[in-house]
Amino acid sequence: MISTTLISFWDDPLYRFLSLIIALELVLIVVQVGWLLVQTSIRKYRLYRLKRFHASMKAPFFTALDDPLTREAWMVKARKFSEPVLRMFLEPYLTATKGEYQAKILALYRDLGLARQDLYALRSSFWHKRVLALRRLQNVASPEEKFVLAKMKKDVHTVRILTAQIMSRIGNEKDVFNLLKDLHLHNRLMEQPMFTMLSSMEREKFDNLMERWDQFECRLLKRIMLIVAAGNSPKTANKWLARAAADQDIDVRIGAAIAAGKLNTYESLTTLLELLQDGIWEVRAQAAKALGIRQEDSTIESLALFLRDPHYWVRQNAAAALSNLGDPGRKRLREIADTASDTFAVDAATQELERYQLTITAEGVQS
Amino acid sequence: MDSTVSHEGTTIPIRVLIADDNPLVTEILAHHLTRLGWESIAVSDGEQVEMLLAKEHFDCLILDLHIPFRNGMEILEALKKNGNRHDLFIMMLTGQCREDTQGRAIALGADRFFSKPFDPYEIVGELQRSLSPIHQAQGRRS
Numbered sequence: 001m002i003s004t005t006l007i008s009f010w011d012d013p014l015y016r017f018l019s020l021i022i023a024l025e026l027v028l029i030v031v032q033v034g035w036l037l038v039q040t041s042i043r044k045y046r047l048y049r050l051k052r053f054h055a056s057m058k059a060p061f062f063t064a065l066d067d068p069l070t071r072e073a074w075m076v077k078a079r080k081f082s083e084p085v086l087r088m089f090l091e092p093y094l095t096a097t098k099g100e101y102q103a104k105i106l107a108l109y110r111d112l113g114l115a116r117q118d119l120y121a122l123r124s125s126f127w128h129k130r131v132l133a134l135r136r137l138q139n140v141a142s143p144e145e146k147f148v149l150a151k152m153k154k155d156v157h158t159v160r161i162l163t164a165q166i167m168s169r170i171g172n173e174k175d176v177f178n179l180l181k182d183l184h185l186h187n188r189l190m191e192q193p194m195f196t197m198l199s200s201m202e203r204e205k206f207d208n209l210m211e212r213w214d215q216f217e218c219r220l221l222k223r224i225m226l227i228v229a230a231g232n233s234p235k236t237a238n239k240w241l242a243r244a245a246a247d248q249d250i251d252v253r254i255g256a257a258i259a260a261g262k263l264n265t266y267e268s269l270t271t272l273l274e275l276l277q278d279g280i281w282e283v284r285a286q287a288a289k290a291l292g293i294r295q296e297d298s299t300i301e302s303l304a305l306f307l308r309d310p311h312y313w314v315r316q317n318a319a320a321a322l323s324n325l326g327d328p329g330r331k332r333l334r335e336i337a338d339t340a341s342d343t344f345a346v347d348a349a350t351q352e353l354e355r356y357q358l359t360i361t362a363e364g365v366q367s
Numbered sequence: 001m002d003s004t005v006s007h008e009g010t011t012i013p014i015r016v017l018i019a020d021d022n023p024l025v026t027e028i029l030a031h032h033l034t035r036l037g038w039e040s041i042a043v044s045d046g047e048q049v050e051m052l053l054a055k056e057h058f059d060c061l062i063l064d065l066h067i068p069f070r071n072g073m074e075i076l077e078a079l080k081k082n083g084n085r086h087d088l089f090i091m092m093l094t095g096q097c098r099e100d101t102q103g104r105a106i107a108l109g110a111d112r113f114f115s116k117p118f119d120p121y122e123i124v125g126e127l128q129r130s131l132s133p134i135h136q137a138q139g140r141r142s
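Top to bottom, those sequences are chains W and U.
If you count the first sequence from 1, position 117 lands on 117 in my numbering, and the numbers rise without skipping.
If you count the second sequence from 1, position 118 lands on 118 in my numbering, and the numbers rise without skipping.
Keep in mind the hints are simulated off the structure, nothing from the lab.
Every value quoted in this text rests on a predicted model; they were computed, and no experiment measured them.
Where is the CB? At the ideal position from N, CA and C, for every residue including glycine.
Check the hints yourself; a few may be wrong.
BS3-like mimics (lysine-lysine), calculated; alpha carbons at most 27 Å apart, straight line [as the list claims (entries may be wrong)]: (1) 98(W) with 116(U); (2) 80(W) with 51(W); (3) 58(W) with 80(W); (4) 116(U) with 104(W); (5) 116(U) with 205(W); (6) 153(W) with 174(W); (7) 77(W) with 104(W); (8) 154(W) with 181(W); (9) 116(U) with 58(W); (10) 77(W) with 153(W); (11) 44(W) with 77(W); (12) 239(W) with 174(W); (13) 98(W) with 146(W); (14) 116(U) with 51(W); (15) 77(W) with 51(W).
Quick list of the computed label-pair ranges, beta carbon to beta carbon [to be verified]: (16) 45(U) with 100(W): 27 to 33 Å; (17) 56(W) with 130(U): 32 to 38 Å; (18) 107(W) with 23(U): 20 to 26 Å; (19) 267(W) with 109(U): 43 to 49 Å.
Produce the complete structure using the sequences and hints provided.
As structure tokens, this is what we get:
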């Protein structure tokens, strides 16, 4: 009875097709489960070997770092363990330490051939393997390896950013420039690694890199460079400020506004006041915010004027900037709230004064 | 060895309490201190630090800011409040090395401030420079 029903199902092309799909899906699930089991077993085995490694090799490891004879004996034993186990053991020590102690662990890492394998992995056709190798090389790479790393300049974004991070440590500003000059950051998530890299660069290298600011193609990168320079290298930021403020790109002009907010020069103040007149509201809003950070009484009337701006965020930032200026700014806000004929200006001033009052009350309650 | 002091035939080792929730840090430091002939005890949370300091004598406390139950600052505040641990040399070892944090720790009685990642040689060298003379003097007094 059942077999007759099955045969009748199989005769129907639709049921036959569906049966094949279900069978294929079952095979895929079995393969996936099998793959997961294999991966789990490999991981468990590595952890078991790592445990064994810790049990027999950890105590002599500390001695091996300071005693050449123990070191040789330790390395002979260590070579009996697989590369992933050696990495899992050494990498936490490399990350947690610095200076002479880290240099000794690095020497061990190199002598065990792990750095050579990392460099070899850079040739892999799988980008995630190249990324993993570069992550390992962050602490390990030395100036001798910069020629291998320089070849990554045509690679994908993530690889190039990671390479630039290493290059900022082991290379000069020209090496970093070659890696980044035609790099385009596609989204905001890519900005933070660049910001961190540029912020941690040696001052002299960064100053020299900033000399080539106008040669970088990416607008987001130029913006980040200007902001970092305003904090770390005000002289170079000042040099490019006027040009950045006149740039055709909105992001670069926003960068100029943020940078000018951090610089305490007359030129930067003039630049900010010019940016306050920009045709794009995002730039005006940023300029108003930056003026609030600078806290200069001479900007009160310029800011007051922008309480009438057609865009909400420009008015809000201008009002907040006035409030940041302290009593003179808030006095002007009160005047506008009480006497101005423009409803936008009255609303922005009133809201900011109410917000300020709420903050004062909240602070009073807390204390 | 300059790390210990002889007094009426007995040798008193310098005692160090290491408070860090990262076993890697405590292992490295403990290894180097043991090599000097010093005695070290490692703990991973603030409550254990306070309990041990109340019960036993230590010459030095190596303290991480972020440890469970009671953080480094709370421990420093408690020690300052009690006011009876002037002989305890306190070294902060932390990943948070902002100037205001450093200033606050020093104001609360920390003697040295080191940031992570750390160089064990640098830390042990500093401990030797700072502690050995104090310990010698205490040994002579006792």
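Against the structure, the hints come out as follows:
1. 98(W) with 116(U): Roughly 8 Å separates the two Cα atoms, so the pair holds.
2. 80(W) with 51(W): With Cα atoms ~14 Å apart, residue 80(W) and residue 51(W) stay inside 27 Å; holds.
3. 58(W) with 80(W): With a Cα-Cα distance of about 15 Å, the restraint between residue 58(W) and residue 80(W) holds, given a limit of 27 Å.
4. 116(U) with 104(W): holds (17 Å)
5. 116(U) with 205(W): Distance ~24 Å between residue 116(U) and residue 205(W) Cα, so the pair holds.
6. 153(W) with 174(W): Given that 27 Å is the threshold and the Cα spacing comes to 13 Å, the pair holds.
7. 77(W) with 104(W): Measuring from Cα to Cα gives roughly 18 Å; hence the hint holds.
8. 154(W) with 181(W): At roughly 11 Å apart (the allowed maximum being 27 Å), residue 181(W) and residue 154(W) satisfy the hint.
9. 116(U) with 58(W): holds (22 Å)
10. 77(W) with 153(W): violated (39 Å)
11. 44(W) with 77(W): holds (22 Å)
12. 239(W) with 174(W): Within the cut-off at roughly 20 Å; holds.
13. 98(W) with 146(W): holds (21 Å)
14. 116(U) with 51(W): holds (26 Å)
15. 77(W) with 51(W): Since the Cα atoms of residue 77(W) and residue 51(W) sit roughly 15 Å apart, the hinted pair holds (cutoff 27 Å).
16. 45(U) with 100(W): 27 to 33 Å: For residue 45(U) and residue 100(W) the Cβ distance comes to about 30 Å; the hint holds.
17. 56(W) with 130(U): 32 to 38 Å: holds (36 Å)
18. 107(W) with 23(U): 20 to 26 Å: Holds: the Cβ-Cβ distance is about 24 Å, inside 20 to 26 Å.
19. 267(W) with 109(U): 43 to 49 Å: For residue 267(W) and residue 109(U) the Cβ distance comes to about 47 Å; the hint holds.
Violation of the numbered hints given earlier is confined to hint 10; every other hint is satisfied by the structure.
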